[in-house]
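The residues making up each chain are set out below.
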Amino acid sequence: MEHLTFEFGPFPDRPRPAASVIVGVVGSGNLEALCESVPLGGKLRVEVSSSVRGFASTWEAVLGDFADRVRMPDLRVTINDAGATPAVVGLRLAQAAAELGVA
Amino acid sequence: MARIWNHGERERAARLERARAAGLAKVVESSRIADLLGAIVSPGDRICVEGNNQKHADFLSLALSRLDPAAIHGLHVVQSNLALASHLDLFERGIAKRLDFCYSGDQGVRMARLVKEGRIEIGAIHTYLELYSRYFVDLTPRVSFVAAQSADREGNLYTGPNTEDTPAVVEATAFKNGIVVAQVDELVDRVPRVDVPADWVSFVVKAPRPHYIEPIFTRDPANITEIQVLMAMMVVKGLYAPYEVARLNHGIGFDTAAIELILPTYGESLGLKGRICRYMTVNPCPTLIPAIESGWVESIHCAGSELGMEAYTAARPDVFFDGPDGTMRSNRVFCQLAGHYADLFIGSTLQIDPEGNSSTATASRIAGFGGAPNFGSESRGRRHASVPWLKAGRESARPGGATMPRGRKLVVQMVETFREKMQPAFVERLDAWRLMEEFNLDLPPVMVYGDDVTHLVTEEGIAHLHKCATLAEREQAVRGVAGYTPVGLARDRAAVENLRDRGIVQRPSDLGVDPREATRDLLAARSIKDLVRWSGGLYDPPKRFRNW
Chain A
56 MEHLTFEFGP
66 FPDRPRPAAS
76 VIVGVVGSGN
86 LEALCESVPL
96 GGKLRVEVSS
106 SVRGFASTWE
116 AVLGDFADRV
126 RMPDLRVTIN
136 DAGATPAVVG
146 LRLAQAAAEL
156 GVA
Chain B
-9 MARIWNHGER
1 ERAARLERAR
11 AAGLAKVVES
21 SRIADLLGAI
31 VSPGDRICVE
41 GNNQKHADFL
51 SLALSRLDPA
61 AIHGLHVVQS
71 NLALASHLDL
81 FERGIAKRLD
91 FCYSGDQGVR
101 MARLVKEGRI
111 EIGAIHTYLE
121 LYSRYFVDLT
131 PRVSFVAAQS
141 ADREGNLYTG
151 PNTEDTPAVV
161 EATAFKNGIV
171 VAQVDELVDR
181 VPRVDVPADW
191 VSFVVKAPRP
201 HYIEPIFTRD
211 PANITEIQVL
221 MAMMVVKGLY
231 APYEVARLNH
241 GIGFDTAAIE
251 LILPTYGESL
261 GLKGRICRYM
271 TVNPCPTLIP
281 AIESGWVESI
291 HCAGSELGME
301 AYTAARPDVF
311 FDGPDGTMRS
321 NRVFCQLAGH
331 YADLFIGSTL
341 QIDPEGNSST
351 ATASRIAGFG
361 GAPNFGSESR
371 GRRHASVPWL
381 KAGRESARPG
391 GATMPRGRKL
401 VVQMVETFRE
411 KMQPAFVERL
421 DAWRLMEEFN
431 LDLPPVMVYG
441 DDVTHLVTEE
451 GIAHLHKCAT
461 LAEREQAVRG
471 VAGYTPVGLA
481 RDRAAVENLR
491 DRGIVQRPSD
501 LGVDPREATR
511 DLLAARSIKD
521 LVRWSGGLYD
531 PPKRFRNW
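Protein sequences appear in the order of chains A and B.
For the first sequence, position 20 matches number 75 in our numbering, and the numbering has no gaps at all.
For the second sequence, position 124 matches number 114 in our numbering, and the numbering has no gaps at all.
With the rest of the complex left out, here is chain A (with noise of 0.2 Å):
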C-alpha cells in the first residue's frame, strides 16, 4: 500500500457541494472516491491509498489538471485505488465533477 496526500489550491469562495459524493468501486483495476467539504483554508486535498507503487508523479499530473478543472475550495478527495490506469482514475474524477455540479 502506497499513501500519498496532494494540495492544490487555495482557491476562491464558491457555492459548496451539499452532500458528499461517492463514485466508483474497490475492485482490481479499479477505484473509489470520496469528495466531502471540509474546511481547508480554501485548498483542495486528495488523500491516495493505493495498492500500487511508484506512480506519484502520474497521480500528481491526473489529479492537477482535476483540480484545475474543479477549482473547488474547501474539498477533500479520498481514493481508494486497486491499480486503476490513469484512464480510469480520469473517468471517476470526471464522474465526481459532473456529480459536483463542476463538469
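Think of the hints as simulated: they come from the structure by calculation, not from any bench.
Mixed in with the good hints there might be a few duds.
To be verified - What the simulated footprint calls covered on chain A by chain B, stretch by stretch (three residues with Cβ under 8 Å from a Cβ of chain B suffice, anywhere in the stretch; the number is not a length):
{"#": "1", "region": "110 to 124"}
{"#": "2", "region": "136 to 146"}
{"#": "3", "region": "150 to 156"}
Treat the numbers as computed from the prediction; the structure is a model and nothing was measured.
Just so you know, even glycine gets a beta-carbon here, dropped at the ideal spot from N, CA and C.
Keeping the supplied structure of chain A fixed, place chain B upon it in accordance with the hints.
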C-alpha cells in the same frame, strides 16, 4: 529444336503418376498420407499449407512436419498464417527454409527464435491481399494443402461457412500446374454446395479429426470496461453521426465490440438508426447480434465465419451472404477488398508514435499484419462518392494545395492511453524500429501509417489528424490525446489548447458526451448469455465462453 512450353504440366503429370504407381487414387486413406506426400512433394517446392486466421489444414501440416528432411528439404512456405506448432516444426526440422507470410499470432516468439538461429529465412511479411496477389505473380504454390468440411468421391469440396482463403489458394495452384490436396472432415455422396470444383482438386483425404478452427472473433461482453464504453460513445457521437458513416469495417477487439453493443441503446437515443452502420465487412462477431436484431445492420460480408455463429448466420440470409444450400460462404479476399473501399475503418493497436504511425509489433515477437493495413489505408483507386468520403476529403484540403477536389477514406485508430500493467500505448519510437534492426527487415513493420490515419480516439478525446496542416501540428494533436503517458505529458499545452479551439482536438465534454453515462448499463448485452438470448437461441457459443 522446338521449345517446350509445358514443363509445369509435365512435372505435375509425373508427380500424379508417382502417386498412382504407389497405389493411390483420388481419395486417399489417412494412413497413407506419408506415401502421398512422398510422391507429390519435391525438395525446393513452393508450398502453401492453408492456415488462415481461423481454419487450419492441421492434419496435413502435421504429416508434412514428419517428412524425412534427408528426402524433402528446402521448401519455400507461402501461407498467410503460422499458428500451429507443426507450421514451425517444418523449419525447425530442416524440411522448409524460406517463408513468405502475413501473420504469426501465438507462434510469434518461437518464430523470432528460429529466425535468429538461421532456420527461417523470411522473404517478407505481407498483408493478406498482398500475399494472395503474389500467388498470382511470383509466389504461386507448386503444392497446396487446404481444409474443407466435406468432399464427394469426385473431389468436389464444400468448405462450410469458413471458406476463407481456400478459393484464392486453390485457384492460384490449380491453374498453374500445381497440385491441390484437401483434408476433409467427412466424405459424402453429395456435397451441400460446390465451393471448389472437383477438377481443381488432385487428392482428398478424410482426416482422423475435424480440422482445427480458432474462435478468434468472440469477445465476451462481460469483459468490456467503462473506458471502452466512453470511447465507443465518442466514436458514435463524434465520428459516425457527423460523418454519417453507413458503410464500414470494424476491427475485432473489445473497443469495437463496445461500439456494436451501444448502437441499440446510445445510438438509438441519438436517433441514428438507419443513418449509420448499415453495411459492414467484418466476421460474424457475436457482439453484432443485438445491432442486427434491432434492425441497425442490414448487410454483412464476412472474411471467415466464427464458431457458434453457423445457425445464426444461416437463419439471417437477408443480412449475411448465404449460399443456395442455406449456409454462409465467406471469402477473405473479397471481404478485404470490400472493406478497402468502405467509407471507414476503425481498429485498435498496441503502439502509436507522435507521427500517428501505429504498430502491433513488439520487440520479442514477430506478429505480422493480417488485414489491417489494407482496411486502414487510403483507397487511392476509389472513384465513387459518398457523404463521409467527400466530407473527409474537403477537410483534408489545404489552402494553397492542389486544386483538384478529392475524397478521403476515414481511418480511425482507437486505443486507451495505457494498456494493462501500465504499458503506455503512446511511445516516442515504435518497437517496430528495433524489430527491423534485429531481423534485418527492409522497413519497420508499421500497421497503419500516420498519414493514412484521419482520427485517433482515446479516453482523452478525438484527434482529427487529417485536419492538421503540418507534421508538427499532427504531433501536438497526437500528444494532445495521449493523456498521462510520457508522450502525452510532453505536449505543448498552448498548442494543444489552440488545436482544441479549432476543433482538431475534442474532449468528451466538447462532444457533449457525459462521463456519468459511460457505464456498462449502456451495453445492449452484458454477457455471452445475453447474446444467446438476443439471438433467440441460435448463437451456440463454444464451451470456453459458457459459464452457465
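Each hint, compared with the structure:
Coverage of the region 110 to 124 of chain A by chain B holds in this model, with 4 residues showing a Cβ closer than 8 Å to a Cβ of that chain against a need of three. Counting residues of the region 136 to 146 of chain A whose CB lies closer than 8 Å to any CB of chain B gives 6, which reaches the minimum of 3, so the coverage claim holds. A count of 3 residues in the region 150 to 156 of chain A with a Cβ less than 8 Å from any Cβ of chain B is obtained; the coverage claim is therefore met, three being the minimum.
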